[in-house]
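Quick note on numbering: numbering that gives the first Met the number 0 labels position 17 of the sequence shown as 16, and the sequence is numbered without any gaps.
By construction, these hints were calculated from the structure, which means they are not laboratory data.
One or more of the hints may lead you astray.
To be verified - Pairwise CB distance ranges (calculated): (1) 101 <-> 128: 17 to 27 Å; (2) 128 <-> 32: 42 to 52 Å; (3) 92 <-> 39: 24 to 34 Å; (4) 118 <-> 169: 17 to 27 Å; (5) 62 <-> 128: 23 to 33 Å; (6) 67 <-> 11: 18 to 28 Å; (7) 123 <-> 170: 51 to 61 Å; (8) 123 <-> 39: 18 to 28 Å.
Backbone N, C-alpha and C fix where the C-beta goes; we use that ideal spot for every residue, glycine too.
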Amino acid sequence: MSRPTSSRWRIVRCSVLAALAAQIAVIGHLFGGGSMPDLAALGAVSVITTAVLTTFARQPRSFMPLFVVMSGAQVLFHLVFTVSSHHDHALHAWPMIAFHLVAAIGSAALLARGETLLFGLFAAVLRRLPRLVTAAQIDIAPSWVVVVSARIASTQQWNLRRARPLRGPPAAV
Numbered sequence: 000m001s002r003p004t005s006s007r008w009r010i011v012r013c014s015v016l017a018a019l020a021a022q023i024a025v026i027g028h029l030f031g032g033g034s035m036p037d038l039a040a041l042g043a044v045s046v047i048t049t050a051v052l053t054t055f056a057r058q059p060r061s062f063m064p065l066f067v068v069m070s071g072a073q074v075l076f077h078l079v080f081t082v083s084s085h086h087d088h089a090l091h092a093w094p095m096i097a098f099h100l101v102a103a104i105g106s107a108a109l110l111a112r113g114e115t116l117l118f119g120l121f122a123a124v125l126r127r128l129p130r131l132v133t134a135a136q137i138d139i140a141p142s143w144v145v146v147v148s149a150r151i152a153s154t155q156q157w158n159l160r161r162a163r164p165l166r167g168p169p170a171a172v
């Protein structure tokens, strides 16, 4: 089982992070008085956000680094939403900023808690996995296996302990 910081899981985590950022940005933008953005622009920015965030997700993050990244994502989403909708929103700039800020805080809090839960789940599964694998082994040998007695095995181990190791510097030529 691969760890949650492997490249495959980082891409999955960053895709989820970008999708969540996009959804929350759309909600914040609509509550702030903006119009529904173009779906192609939303998808393009989500892909760009996923690519940028892949390097960010090498380890679990706390609230503050996630808040900084999510704030940057909110600014990027807002700019794309504004350009794609072709409208001037100078009259409702403060509500727009406020709702995008609330969106950044909310998404960072959800992601920080979600990453903590995700990494805890992976740690629990990885701790439990060796026990599950050894518990699933069967102690019945196939019919073609030759059984070595315990006395012969202990003699072989004793002989191996007395043998001189071949490690060390090479002999002079």
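- prompt: Is the distance from the Cβ of residue 92 to the Cβ of residue 39 consistent with 24 to 34 Å?
  reply: Holds, since residue 92 and residue 39 (Cβ atoms, about 26 Å apart) stay within the stated range.
task: Hint says 51 to 61 Å; check whether the CB-CB distance for residue 123 and residue 170 agrees.
output: For residue 170 against residue 123, whose Cβ atoms are near 52 Å apart, the range 51 to 61 Å holds.
- request: Starting from the hint 18 to 28 Å, judge whether the C-beta atoms of residue 67 and residue 11 obey it.
  value: Since residue 67 and residue 11 have Cβ atoms about 22 Å apart, the given range 18 to 28 Å holds.
C-beta pair residue 118, residue 169: status relative to the range 17 to 27 Å that was hinted: violated, 47 Å
Outcome of range test on Cβ distance (residue 101, residue 128; 17 to 27 Å): Given a distance of about 40 Å, which is not inside 17 to 27 Å, the answer is violated.
- prompt: Holds or violated: 18 to 28 Å for the Cβ distance of residue 123 and residue 39?
  reply: violated, 41 Å
message: A range of 42 to 52 Å was offered for this pair. Does it hold for the Cβ distance of residue 128 and residue 32?
response: Holds - the Cβ-Cβ distance for residue 128 and residue 32, about 51 Å, lies within 42 to 52 Å.
Distance restraint evaluation - residue 62, residue 128, Cβ atoms, bounds 23 to 33 Å: holds, 30 Å
Going through the hint list in order, the structure does not satisfy hints 1, 4 and 8.
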